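Undergrad: Position 186 of the first sequence, counted from 1, bears residue number 256 in the working numbering, the numbering being contiguous throughout.
Rather than coming from a laboratory, the hints here were simulated on the basis of the structure.
Don't take each hint at face value.
Said to hold, decoys possible - Dumping the calculated PhoX-like pairs for lysine-lysine here, alpha-carbon to alpha-carbon at most 25 angstroms: (1) K193 <-> K232; (2) K240 <-> K222; (3) K222 <-> K245.
Quantities reported herein were computed from a predicted structural model and do not represent experimental measurements.
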Amino acid sequence: TQTLNILLLGFKESGDITAVELFYHDMIRRGFKPNVVTYNIRIDAYCKKGCLDDALRVMKEMEGMKCKPTVETMTTLIHGASIARNPIRARRLFDEISTRTLQADVGVYNALLGSFVRSGDLKGGLDLMDEMEKKGIQHDNVTYHTMFLALKNLDGVGAVCKLYRRMVEKGFVPKMRTVVMLVKFFCENQRSDLGLDLWEYMVGRGCCPHGHALNLLVTALCCRKKVEKAYQCMKQVVERGRHPS
RNA sequence: CCGUUCCUAAAC
Numbered sequence: 071t072q073t074l075n076i077l078l079l080g081f082k083e084s085g086d087i088t089a090v091e092l093f094y095h096d097m098i099r100r101g102f103k104p105n106v107v108t109y110n111i112r113i114d115a116y117c118k119k120g121c122l123d124d125a126l127r128v129m130k131e132m133e134g135m136k137c138k139p140t141v142e143t144m145t146t147l148i149h150g151a152s153i154a155r156n157p158i159r160a161r162r163l164f165d166e167i168s169t170r171t172l173q174a175d176v177g178v179y180n181a182l183l184g185s186f187v188r189s190g191d192l193k194g195g196l197d198l199m200d201e202m203e204k205k206g207i208q209h210d211n212v213t214y215h216t217m218f219l220a221l222k223n224l225d226g227v228g229a230v231c232k233l234y235r236r237m238v239e240k241g242f243v244p245k246m247r248t249v250v251m252l253v254k255f256f257c258e259n260q261r262s263d264l265g266l267d268l269w270e271y272m273v274g275r276g277c278c279p280h281g282h283a284l285n286l287l288v289t290a291l292c293c294r295k296k297v298e299k300a301y302q303c304m305k306q307v308v309e310r311g312r313h314p315s
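Please model the entire structure based on the sequences and the hints provided.
TA: In structure tokens, the structure reads:
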């Protein structure tokens, strides 16, 4: 069954829903027993194609086989609703999690967050982040990246800055790709001071951001006649044994 | 063995 699942996963990743279903039914005829992962893969295959109703049909089918959906199943379906640009439906599926006595995790919250911001509902997204906090679910790299990206595209430097401060207060250390995105965004919006602030925060947390972020920052700082600051950043990198190009 | 953000191949 695990082997079957791995093969199904391969068909799913290549986007071939027909192959997924043909292969699945063929293997069942040969006596393979599907498990929850098997169903989740089929559900995801339909969701990624935008066929939420077919995905829900497969969930009914799995329940008929006395196979209980997991939190991953719900995440997949919520993501499917997100792809179909249907945040209302995403929220409904999310609410089913407690009905089904499943434990919501950071993954489902992130999926719902994605659905909200995809439909332009930044307020809904920020409220959801508050809800996570209340429920004791820690924001992770996906949470921050999703929200920062949405704020920078749909709102402005003020909103991004607000979330940035909140993240720093919690002492959260983001992934480099988020740092690069933020530094670039701040610098492009004449706020190289915030870029520098983020840089110093990362260094203070023992992370030495790599060359790409440094180049962005140094260029922006130099353009704004802050060569001295730029020089200090570079020095920090060199002192850590890196070799900026 | 499966899910959530971003990135990623080939082809044109």
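Undergrad: Could you run down the list of hints and mark each one as holding or not?
TA: Each hint tested on the structure:
no. : hint          : verdict
1   : K193 <-> K232 : holds, 13 angstroms
2   : K240 <-> K222 : holds, 21 angstroms
3   : K222 <-> K245 : holds, 17 angstroms
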